[in-house]
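Visitor: Single-letter residue listing:
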Amino acid sequence: MGDSVDGGESLMALRLSRVLGSLIAIGLALLTASLFIGLAGANPVRAYYYMFVKGAFGNSVTAVETLVRATPILLVSLGLAVAFTARVWNIGAEGQLYMGGLVAAWVGLSLGGLPSSVGLTVMLLSSALAGAAWALIPAVLRAKYEINEIFTTVIMNYIALYLVSYFLTGPLRDPVSQFPESPTLPQSLWMPRLVQGVRLHLGILVAILVITPIVHFLREKTTFGFRLKLVGANPEAARYSGTDIGSIVVLSMLISGLLAGLAGGIEVSAIQHKMRMELSPGYGFTGIAVALLGNLNAVGVLLASIFMGAVINGSYTMHRMAHIPVGMAYLIQGLVIVFAVASEPISERIFRKEVVESAD
Amino acid sequence: MGTEEVVLMKGIVKVYPGGVVANRGVDFDLRRGEIHALLGENGAGKTTLMKILAGCLRPDEGEIYVKGRKVDIRSPRDAMNLGIGMVHQHFTLIPNLTVAENIILGMSDLPHLLNLEEAKERIRELSESVGLKVDPEAKIDQLSAGEKQRVEILRLLYRNADVLIFDEPTSILAVPEVEALFETLRSMVEQGKSVVFVTHKMWEALSISDRITVMRKGRVVARVKPEEVDDKELVALVVGERVAPTRVERAKPKETAEEILRVENLRVEGDRGGLAVKGVSFTVHEGEIFGIAGIEGNGQKELVEAITGLRPVKSGRILFIGQDITGRSVSELIEMGMAYIPEERIERGVAADLPVVDNSALKRFWVNPFSERGIIKGEVLRKFCSKIVETFKVKCPGIDIPVRYLSGGNIQRLIVGRELSMNARLVVAENPTAGLDVKSTNFVREMLIRLRDGGAAILLVSTDLDEILELSDVIGVMYDGRMVAIRPAGQMTAQEIGTYMLGGEVVGR
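The listed protein sequences correspond, in order, to chains A and B. For the first sequence, the working numbering begins at 417 and goes up steadily by one. For the second sequence, the working numbering begins at 179 and goes up steadily by one.
These are calculated hints, taken from the structure and not from any lab test. Glycine residues also receive a C-beta, built at the ideal position from the N, C-alpha and C atoms. Check the hints yourself; a few may be wrong.
[As the list claims (entries may be wrong)] As a list, the in silico DSS-like pairs of lysine-lysine whose alpha-carbon atoms are at most 27 Å apart:
no., chain 1, residue 1, chain 2, residue 2
1, A, 637, B, 555
2, B, 298, B, 311
3, B, 555, B, 573
4, B, 298, A, 637
5, B, 410, B, 395
6, A, 560, B, 492
7, A, 769, B, 573
8, A, 769, B, 571
9, B, 617, B, 561
10, B, 555, B, 565
11, A, 637, B, 565
12, B, 456, B, 492
13, B, 188, B, 403
[Stated by the list, open to error] Example chain B residues on the side facing chain A (calculated, C-beta under 10 Å, incomplete):
no., residue
14, 234
15, 487
16, 507
17, 510
18, 518
19, 522
20, 575
[To be verified] Computed list of chain B residues with no C-beta within reach of chain A, every gap over 10 Å:
no., residue
21, 255
22, 384
23, 410
24, 464
25, 486
26, 505
27, 531
28, 541
29, 663
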């Protein structure tokens with residue numbers, strides 16, 4: 417028996433087994449989806465070639481588009497990873513994202529004449545706060561009255577969507593547009609692009625280079641992150657060691673709402689330049705799959721977001737070239753959730769064999 | 179009372195997977211129309227024996243005969259088919275279904291279209307015949323504990339059980355409900371049914387049963403009739419001949435020892451409402467082990483939770499190092515130097531999915547030097563953990579692996595190591611050696627003594643009388659939410675403690 421208590425090896429093995437589990441999940445999801453691609457009358461190998469090689473990473477333009485897709489997913493899933501770590505199941509990121517977008521547009525349209533940097537900051541901050549506020553209601557209901565947050569967050573999604581619909585057909589509607597959408601934001605509030613000709617905007621960099629490391633730090637290095645894991649792993653042990661479970665539930669929910677709202681604000685500012693009913697093709701739900709696939713770890717979530725961005729972005733090329741409906745992207749997404757959840761016992765077994773049993 | 183044997187158990191041996199031997203060759207018999215009490219301390223093996231009879235556990239050795247026929251009981255359903263049913267300590271009812279629905283639930287021969295009316299009618303008849311008043315249409319979650327128990331009994335009668343096993347049935351009942359239950363038991367045996375009454379309350383065994391079987395440490399030590407024994411003899415049988423404990427004497431009992439913990443007239447509510455701690459007062463000094471003896475479920479758990487800040491106090495005061503800590507948060511108490519080794523190790527003492535290193539720092543990660551301004555210092559944590567693992571000989575493949583991969587004994591070593599490494603002024607230890615092997619048990623006890631000698635106050639709550647006798651400097655006995663006796667160790671014999679534990683003083687109440 418190895419009495420080595422430094423544990424470096426076991427830590428590596430634990431991480432590796434989890435990465436392996438996620439890779440297996442992706443592999444099985446793609447394999448299963450290829451059945452349906454075959455049923456749709458296409459060659460799966462060719463379809464995936466168009467999806468990933470041509471569509472998602474074919475050239476710098478498509479690669480940037482993959483990142484454009486990945487960014488809102490990344491923000492949402494980073495926040496969900498925080499909540500899920502505490503086993504707070506926020507299924508309401510989609511609604512929080514929409515509230516963020518709505519408030520961003522409203523604030524942006526009300527801000528007149530502010531310098532671009534100030535205006536953008538105010539607009540994005542208010543979008544984040546709007547998302548957090550939307551998450552606060554289910555958070556308090558859960559923390560104070562033990563009302564299951566899964567139900568309340570799902571319900572809050574609908575309320576958000578109808579609220580947005582009301583504003584876009586009413587007070588916030590662009591009078592000259594025939595669609596239910598807000599007027600276009602002044603150009604000073606458009607997220608700056610870094611390279612001419614592609615949609616590589618500042619928000620992408622902020623999400624990857626600033627927010628991802630912050631969430632990583634928060635989860636891995638702070639007492640708050642410790643408490644998140646503790647509440648998630650065993651609330652009774654958390655209580656016993658002096659952690660106030662209610663405040664952790666509320667805070668984790670607020671952070672996930674904050675990032676989902678910010679994702680909505682960035683989409684409005686950088687991509688749409690206005691608020692629309694079609695702001696998100698379900699990023700709030702995709703984020704659930706990505707958070708699980710990334711093992712709730714910020715680095716893992718980053719990689720999983722890029723993968724999912726590639727699937728969504730590549731699905732358009734696949735549609736054009738292999739005539740597979742774009743919906744295939746969402747089928748893959750759903751399959752990834754199923755297999756990501758199922759892969760946990762598999763990676764568990766790998767780890768047990770490699771480390772625990774070999775140690776005896 | 180007839181003499182026909184309805185159940186005969188011969189040479190029953192049961193070893194639990196952890197190696198704990200619960201039954202060491204037990205013989206037991208039950209006659210038609212009798213109430214047979216099974217009396218003994220916690221861990222004597224009573225419940226195990228009855229769970230074997232009810233098909234919840236399989237014996238490793240031994241034979242069971244029911245109505246003269248050798249049987250092999252593989253499941254509760256097998257037992258039920260033989261007419262044997264058990265009312266467990268913890269109810270097995272579904273809260274949002276009605277009484278009638280719960281009673282017919284799980285019956286094997288139910289038609290696809292339920293005839294609930296017919297069932298309700300039969301339930302009413304049954305409940306009248308044995309004096310169990312229950313409304314078949316009431317929902318379970320509207321019922322009191324006593325009413326739920328009646329539903330459990332009716333469920334067995336509905337299935338035509340004629341051997342009914344009751345596991346500590348009075349522990350959840352108020353006094354008038356106990357009387358009602360006893361009436362029911364008597365009317366059931368009059369109708370030719372047979373009852374096994376598992377209890378650790380002596381006066382119950384004496385007042386309700388036709389025969390008493392006394393178990394101790396997995397063996398039957400006596401089988402008596404209540405009219406043949408007095409309560410003194412019965413206590414001696416239950417507690418056994420205890421050798422004068424090989425108590426480790428204190429290095430130097432200080433005259434001026436500081437008072438660390440003072441509990442004043444404390445009242446605490448239990449989980450089911452009603453008082454679980456009914457006005458308890460005592461003090462613990464530095465360099466002293468205060469042992470609380472008592473049978474499980476007499477308020478010790480609630481007392482410990484109130485002291486450690488996990489359960490609200492109804493009235494009374496708790497003082498710790500001279501400060502009133504009533505109502506303070508758990509984290510404040512930890513920071514003041516209160517350690518707590520909980521009985522529920524996996525459920526409360528660790529987060530099993532988190533790595534060993536995180537669990538070792540559960541009580542300290544937020545204070546200097548383990549973290550500063552909310553940022554955890556990983557290296558300090560790892561060093562601290564490695565030291566605990568080494569000092570307390572926790573066997574683990576690495577400190578980054580989840581705790582759930584550790585054996586029970588090693589998890590307890592980790593918890594004990596963690597709690598004893600925080601320079602605590604008070605250590606609350608709740609059954610700290612339950613379920614441990616001999617080596618780990620001795621290790622934990624040595625650690626507690628060493629800490630005591632270092633000047634800490636220790637509140638030891640244990641249902642193991644030997645442990646109390648071996649370690650305590652002062653012994654208190656809890657019974658029915660009260661501290662019925664407090665005396666320095668050596669001034670109270672095991673028999674006396676046993677009498678108090680079993681409610682001896684309350685016999686003539």
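Visitor: Classify the label on residue 255(B) as holds or violated, using whether its beta-carbon is more than 10 Å from each beta-carbon of chain A.
Guide: Holds, because the least Cβ-Cβ distance between residue 255(B) and chain A comes to about 30 Å, which exceeds 10 Å.
Visitor: May I ask you to test the interface hint for residue 487(B) with respect to chain A, counting a Cβ-Cβ separation under 10 Å as satisfied?
Guide: OK, holds: residue 487(B) within 10 Å of chain A, min 8 Å.
Visitor: When you look at the beta carbon of residue 384(B), is every beta carbon of chain A farther off than 10 Å?
Guide: holds (39 Å)
Visitor: Is the straight-line distance between the alpha-carbon of residue 456(B) and that of residue 492(B) 27 Å or less?
Guide: holds (10 Å)
Visitor: Is the Cα-Cα distance between residue 188(B) and residue 403(B) 27 Å or less?
Guide: Judged against 27 Å, a Cα distance of about 21 Å means the pair holds.
Visitor: Would the least Cβ to Cβ distance between residue 531(B) and chain A come out above 10 Å?
Guide: violated (4 Å)
Visitor: Just to be careful, I want the Cα atoms of residue 637(A) and residue 555(B) compared with a cutoff of 27 Å; is the pair within it?
Guide: The given pair, whose Cα atoms are some 8 Å apart, holds under the 27 Å limit.
Visitor: Mind verifying the non-interface call on residue 410(B)? Its CB should be farther than 10 Å from each CB in chain A.
Guide: The claim stands: residue 410(B) keeps its Cβ more than 10 Å from every Cβ of chain A (closest is about 41 Å).
Visitor: Does the alpha-carbon distance linking residue 769(A) and residue 571(B) stay inside the 27 Å limit?
Guide: Between residue 769(A) and residue 571(B) the Cα gap is close to 24 Å, so the pair holds against 27 Å.
Visitor: Checking a non-interface call: every C-beta of chain A should be farther than 10 Å from the C-beta of residue 464(B). Is that right?
Guide: Non-interface label stands for residue 464(B): nearest chain A Cβ at 24 Å, farther than 10 Å.
Visitor: Can the restraint linking residue 555(B) and residue 573(B) be considered satisfied, given a maximum Cα separation of 27 Å?
Guide: holds (24 Å)
Visitor: Take the shortest C-beta to C-beta distance between residue 575(B) and chain A; is it under 10 Å?
Guide: Cβ of residue 575(B) sits 3 Å from chain A, so the hint holds.
Of the hints listed earlier, those the structure fails to meet are numbers 4, 14, 25, 27 and 28, in rising order.
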